[in-house]
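Chains as they are written, first to last, in my numbering: chain X, 1007 to 1409; chain H, 579 to 861; chain G, 114 to 489.
It should be emphasised that the hints constitute simulated quantities derived from the structure, not laboratory data. Some hints here could point you the wrong way.
[As the list claims (entries may be wrong)] Calculated lysine to any residue pairs in the SDA-like style (CA-CA distance at most 20 Å, straight line): (1) X:1278 - H:694; (2) H:672 - G:173; (3) X:1154 - X:1073; (4) G:295 - G:282.
[Unchecked claim] Listed next, with one range per pair, are the computed distances between beta-carbon atoms: (5) G:338 - H:783: 51 to 57 Å; (6) H:843 - X:1245: 31 to 37 Å; (7) G:183 - H:774: 31 to 37 Å; (8) H:711 - X:1369: 37 to 43 Å; (9) G:237 - H:848: 42 to 48 Å; (10) H:848 - G:183: 53 to 59 Å; (11) G:281 - H:672: 25 to 31 Å; (12) H:641 - X:1256: 17 to 23 Å; (13) H:854 - X:1256: 39 to 45 Å; (14) X:1158 - H:631: 49 to 55 Å; (15) X:1102 - H:683: 51 to 57 Å; (16) H:641 - X:1260: 18 to 24 Å; (17) H:675 - G:240: 43 to 49 Å; (18) H:774 - G:237: 31 to 37 Å.
Backbone N, C-alpha and C fix where the C-beta goes; we use that ideal spot for every residue, glycine too.
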Amino acid sequence: MIEKPVSVPGFAQFIKAQATRRAVLGGVGATGIAAFLAACGTSAGTKSGTAAGATVTDLSEKDKTLIVSNWPLYIDVDSKNQSDHPSIDGFTAKTGAKVTYTEDVSDNNVFFGKVRNQLAAGQATGRDLIVLTDWMAARLVRLGWVEKVDKANVPNVTAHLRQALKSPSWDANRDYSAPWQSGFSLIAYNEHVTKPVKDIDELFTRPDLKGKVTLLTEMRDTVGLVLLSLGKSPSNFTNDDFNAAMAKIQKAVDSGQVRKFTGNEYAPDLAKGNIAACIAWSGDVVQLQFKDPKIKYAVPDAGITLWSDNMLIPNKAAHKKNAEAWMNYYYDPAIAAQVAAYVNYICPVDGAQAEAEKIDPKLAKNQLIFPSAETLSKSHIFMGLDAATEKTYQDAFSKVSGG
Amino acid sequence: MRTRRWLPYALLIPGILWLAIFFIAPMFNLGATSLYDPNGSLDTGYRMTFHVANYGDALSQYYPQFLRSFSYAGIATISALIIAYPLAYAIAFKSGRWKNFLLVLVIAPFFTSFLVRTLAWTAILGDNSTFVHFLHTIHLLGPQGRILATPVAVITGLTYNFLPFMTLPLYASLEKIDPRLIEASSDLYASAFTGFRKVTVPLSLPGVVAGTLLTFIPASGDYINATLLGQGARTSMIGNVIDSAFLVRLAYPLAAALSFMLMAAIVGIVIFYIRRAGTEELV
Amino acid sequence: MAQAESVGGDLQLVHLTKMFATFTAVDDLNLVIPKGSFFALLGPSGCGKTTTLRMVAGLEEPTSGQIMIGEKDISFERPYRRPVNTVFQSYALFPHLDIFENVAFGLRRRKVKEVKSQVEAILSLVELDGFARRMPAQLSGGQQQRVALARALINKPEVLLLDEPLGALDLKLRRQMQIELKRIQVEVGITFVHVTHDQEEAMTMADTIAVMNGGKVEQMGSPTELYENPRTTFVANFLGQSNLISGKVFERSDDLGVELYGNRIRVPRSRTSSNSDSLWVGVRPEKINITLADRPIPAANVIPGVVTDASYIGVSTQYLVKTAWSEELMVFEQNLLNSGARPGDSVNLSWDPAHTFALDANQDVDAGVEVPEADS
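Full structure from sequences and hints, please.
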């Protein structure tokens, strides 16, 4: 019963329509016994080895290889050969490092279950670079499970990281991480079945939307937008603010306004009109709009949330320098534009927009890929949470969302 | 010959090792985890405090989900039985040379993934689907009524997904029935229906028991159907709670305690059921 | 033998025909089975006897013709509405019911009261007292057979059908059950229609036997009549063994004079079933005297020959005797009368004309010789 939802042959068209990196049914994915066993394997109570002590000899010079774990469909592909990635070929040509690129991150929680035991026990994960969403990246940083990036090796990151992404609360100086791609959480609606929905209050109360609204099971995405609708900032809020947001969500659920909480599977429902409006990820919206221009999005005046999937170097990575070279390489605006042309999320690299202009002017104008400073100014990054708070919030949210 | 007496035991070793490594050890670990301090976290570590209260807490918080799981699974099992019995009967007795073809059709859904099959139901039961429009037209559903994201959808999904597990054992037990027994019953003044009730049904009971168990047990622990076809908290089953407790909330002791209770409850229900089915006068 | 209380009557099959896709299993069968008789349908596998039985039981529909019990036409009556019960081949006991419930099955369906006393009485009749709460699988073959019988008999049918009821039993048990069945039939007085391919079984039990072949009745009569005076080569060979010798009629008077390769013998007219001049002349092996060539000949019909084989089998000695025209005739000699013939001896075979029968020569001489083991 535990089946990996990635790449399902018979259903290819249905799934491929949502060919974004979240198109993998996040929360549903793989759990059950496998995860159980993984969770049991560790002796609880061991805290990780400290960051400093976890370093091993860097083999980068002698062994010109690099092992990368990323989300599916999150990089450029050769139009003739789907398994070939031109930008990676470029990296190898430039640095001489051979890359083993694996798309084995389909869900933050599931991936965490995969590597938790090794990292907690101070062992290598067999990966040099992994890509995880803010909050999960924050957890790894907090637990001391990732290596500090040597800034001297990543001048491009220092130079080209977009201003809005420079200092998330959980890694204020970007000492441990660099965004791979970013995205907004915003409101999407299907104009075939509803008139425009402009903010959370409409989404939660408009009678014509009753039972035709979904929210996201990712706590930060849903709560973040609701906090904003209450005039609070997701980057800095109190327990009371959180409780007020939860009360607002609970009310919408109790009234029957909200149909359910979903992972990525809201996308086909939105496309078919089973739901009229929802909280959505920007990359999905780009993809849906490509097929049906009547799928619209709204940026509420109160603001939206901005999240990133971040490159991290796990402890005991054998090829740290090569991983840093990779980070640096992908922060070259030309390379970033090359990736942006294939991926529907926000490019975190300044200067890539100008490069994208050369590839496809329409691409460079898309506000969900190269957002203007004005759009970005409305976006907020969810603050980092300590373990206890995270658990408290997550428990409260699960009660409402049905976990 | 004497030297060979150890051989049968030696042949068991791989099986025992396999069980020890992949079943007993994890079970032990899970049992231990269920007794850890519930306030532990990845940062502070999890300490073994023999916190038996984890079980009580888990039960008092989540008994509605337990009850919901068993009632959904129960309804799905009964529905599957009602659908599968005539199907298995037809295949066993009426299908002639189509028998093998029909059996392949019964198994055919296994050729695609469980997840995809369940997703397909979102299309069948969707608000704008032909089926739902039809229900609106005949006023079986009110204008605001829907099927998707309701308990009905979850139970439909469970019924569909586990139907082959019901059909195959039923077919196997029906197919074994000697047709002369049916002739004998009609010779002894039983109409076709009485003969079915007094001979066919009792003789197919082993298949009914096997089929209902094979349906009920996985359906009780399922969480995919509730996730994809349900309505969040209103339809969440115990599998959803365990899924979220383990992966999202990192509440390992709670998740372990819930898992153990689920296992215990299922074993209890199964033993009760088998006893009843076994000792009761079958007719 | 017939019981006064029953209202039914004889079982009649009128022009009964059953055709399956390509062949005719039962071909225009006409039979009257008298009420209260023990009737056997005897024939080899595929002769149509089981199909006939199933039509009477209602498990097959006739293609044409009628089945009557007394005045009542039951040809298309549902099986569970017929006053007919069946003892199935290999019994078909309900494995999920104990002996009591198996036997009570028919009573319960008809909502009869006082089930318990009736079941006990019938179990006692078949000598299975104390077995009521056993399950069928715990019983031996013979015991299961009795349960099957009791389960059918308890319903007091007009007609009881038995489909190879003893086929699954070993020889000794079969003998014992034959006598038992006959005893029970006499006791209950119900019409028994017994289907079998075993001629000895049929002859032991039945009042009347109908020998079937190819969907038709070859000959019907009492066991003695069929054995002593067969009217076809099939019956002559299928029931016991016969020596059949080709002959020509040379004289017709009170009896017939027939020449068998130059040997003149006599056949009574009443034992001749053909008007043709070409005949098969038959005589049973045990009716023949064997005497060495130089000894007196004890009977009127005589054929000389040479002994080719003699086997001693206890109750008798079986000889094969080769005639001048190279036909091997079989002779059974009781061990009371020891002729002392040995292989190679010249002998005279002689028998009483009253033991001779004559059949139309226009038939296969070997019909009915090969008796297959199983029935369809």
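Check your understanding: For the pair residue 774 of chain H and residue 237 of chain G, does the Cβ-Cβ distance stay inside 31 to 37 Å?
Key -> Since the Cβ atoms of residue 774 of chain H and residue 237 of chain G sit about 32 Å apart, the hinted range of 31 to 37 Å holds.
Review point. Per the hint of 31 to 37 Å, is the separation of the Cβ atoms of residue 183 of chain G and residue 774 of chain H within bounds?
Key: Holds, at about 32 Å.
Exercise for review: Take the C-alpha atoms of residue 1278 of chain X and residue 694 of chain H, compute the straight-line distance between them, and say whether it is at most 20 Å.
Suggested key: Holds: residue 1278 of chain X and residue 694 of chain H sit about 17 Å apart, inside 20 Å.
Check your understanding: That 53 to 59 Å hint for residue 848 of chain H and residue 183 of chain G (C-beta), does it hold up?
Key -> Because 57 Å falls inside the window, the suggested range holds.
Check your understanding: Taking the beta carbons of residue 338 of chain G and residue 783 of chain H, is their distance inside 51 to 57 Å?
Key -> holds, 53 Å
Practice item. Check the following: the C-beta atoms of residue 1158 of chain X and residue 631 of chain H are separated by a distance inside 49 to 55 Å. Key: holds, 53 Å
Check your understanding: Under the criterion that the straight-line Cα-Cα distance not exceed 20 Å, is the pair residue 1154 of chain X, residue 1073 of chain X satisfied?
Key -> holds, 18 Å
**Study point:** C-beta pair residue 843 of chain H, residue 1245 of chain X: status relative to the range 31 to 37 Å that was hinted
**Key:** holds, 36 Å
Practice item. With 42 to 48 Å as the target window, see if residue 237 of chain G and residue 848 of chain H comply at their CB atoms. Key: The hinted range 42 to 48 Å holds for residue 237 of chain G and residue 848 of chain H, with Cβ atoms some 44 Å apart.
Review point. Does the alpha-carbon distance linking residue 672 of chain H and residue 173 of chain G stay inside the 20 Å limit?
Key: holds, 17 Å
Point to revise | Consistency of beta-carbon spacing, residue 1369 of chain X to residue 711 of chain H, with hint 37 to 43 Å | key: holds, 39 Å
Exercise for review: Evaluate the given range 43 to 49 Å for the C-beta pair formed by residue 675 of chain H and residue 240 of chain G.
Suggested key: Cβ of residue 675 of chain H to Cβ of residue 240 of chain G: about 46 Å, so the range 43 to 49 Å holds.
Going down the numbered hints, you'll see the structure goes against none, and every one checks out.
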